[in-house]
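Given only the sequences and the hints, what does the whole structure look like? Please build it.
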Amino acid sequence: MGIVEKRPITMELLFRLLLGAVFCGAAILKGMNPQAFQQEILAYQLIGYPLSFVVAHWLPAMEFAIGLGLLFRYGYRTALFLTLGLLTMFSIALTWTWIQGLDINCGCFGKIDPVHGQPMALLRDLILIAIVLFLYRRGAAASPN
Amino acid sequence: MKSCLFYGLFPLLLGILSASFHPNRALWRQPEPVDNEVSLNEIQGWKESVIWVDARSGQEYRKDHIPSAIELNVDNFESNLPHLLELWQPGCRVVVYCDTLQCDSSHEMAERLTGEVGLSDVYVLYGGWASWRKGQ
Chain E
-12 MGIVEKRPIT
-2 MELLFRLLLG
8 AVFCGAAILK
18 GMNPQAFQQE
28 ILAYQLIGYP
38 LSFVVAHWLP
48 AMEFAIGLGL
58 LFRYGYRTAL
68 FLTLGLLTMF
78 SIALTWTWIQ
88 GLDINCGCFG
98 KIDPVHGQPM
108 ALLRDLILIA
118 IVLFLYRRGA
128 AASPN
Chain Z
775 MKSCLFYGLF
785 PLLLGILSAS
795 FHPNRALWRQ
805 PEPVDNEVSL
815 NEIQGWKESV
825 IWVDARSGQE
835 YRKDHIPSAI
845 ELNVDNFESN
855 LPHLLELWQP
865 GCRVVVYCDT
875 LQCDSSHEMA
885 ERLTGEVGLS
895 DVYVLYGGWA
905 SWRKGQ
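If you read the sequences in order, they're chains E and Z. Residue numbering for the first sequence follows the working numbering, beginning at -12 and increasing consecutively. Residue numbering for the second sequence follows the working numbering, beginning at 775 and increasing consecutively.
The reader is advised that the hints may include incorrect statements.
[Stated by the list, open to error] Residues on chain Z that point at chain E, a partial pick, calculated with CB under 7 Å:
id, residue
1, S777
2, P785
3, L788
4, S792
5, H796
6, A800
7, W802
8, R803
9, Q804
10, T874
Everything labelled a hint here was simulated from the structure, so no lab data went into it. The structure displayed is predicted, hence computed values, not measured ones. Where is the CB? At the ideal position from N, CA and C, for every residue including glycine.
This is the structure we're talking about:
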């Protein structure tokens, strides 16, 4: 009985750490070269120059904050909510470029992103969204913030 | 409330620091064309024949390239240069391109074609392959 009760907690911990590490890693890789990340953003053809400058600097910082929040369970519900928001936004942007027939890299992990093409990047986003929803159902209800 | 401050202020401050001091910070506005850079619109208005030179990696060239472009980069310069010279005729223009505004390989290749090979009328496509894709 005790083992059965412990398993979801372990799964939650693993998924939370995984998601936190993914966001911190993505933030660091993009934050290392904002200029290259700006080119990835511009390739989406959704925003132009002044706004892409803001996004190229703000988004990695935001992802880093979310990653830290998930790793250390700080502002947990807010972190999960923001994660869901960002992943949904990424998925919409990827779908749009796919529909437009644009051959672009996701840019999610800078230049070393192992995933190429929109279908695989979308699949990755959907898996991460499923993890966020799982974490929200498991742990966020009991979290104070 | 504290968490809202954390997720609001921390990324903002980090972003401002990055935008102010990062050695590879993003560009606020699109840089103006320099020296021998020409836009796709200008090229389309030329009456002279154009030879396209793709200075990106072989892998990127094989994936897709401007129709009739010659693959010429640092790895295959010696072997592919004769192909370019076969096509070149006095009066025609050579336009080199690489990935985006930030890549340097097109400028390096244009300098080699001008300095080492002695070709004239060698230009660089402003915005590179990305601008071609955008124009299609």
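A quick look at each hint next to the structure:
1. S777: holds (2 Å)
2. P785: Holds. Min distance 4 Å.
3. L788: holds (4 Å)
4. S792: Check passed: Cβ of Z:S792 comes within 5 Å of chain E, closer than 7 Å.
5. H796: holds (6 Å)
6. A800: This hint holds: Z:A800 lies near chain E, its Cβ roughly 4 Å from the closest one there, short of 7 Å.
7. W802: Holds: closest Cβ of chain E sits about 5 Å from Z:W802, inside 7 Å.
8. R803: With a closest approach of 5 Å, the Z:R803 hint holds.
9. Q804: holds (5 Å)
10. T874: Hint holds; Z:T874 Cβ to chain E Cβ min 5 Å, cut 7 Å.
Comparing the model with each earlier hint shows no violations; every hint is respected.
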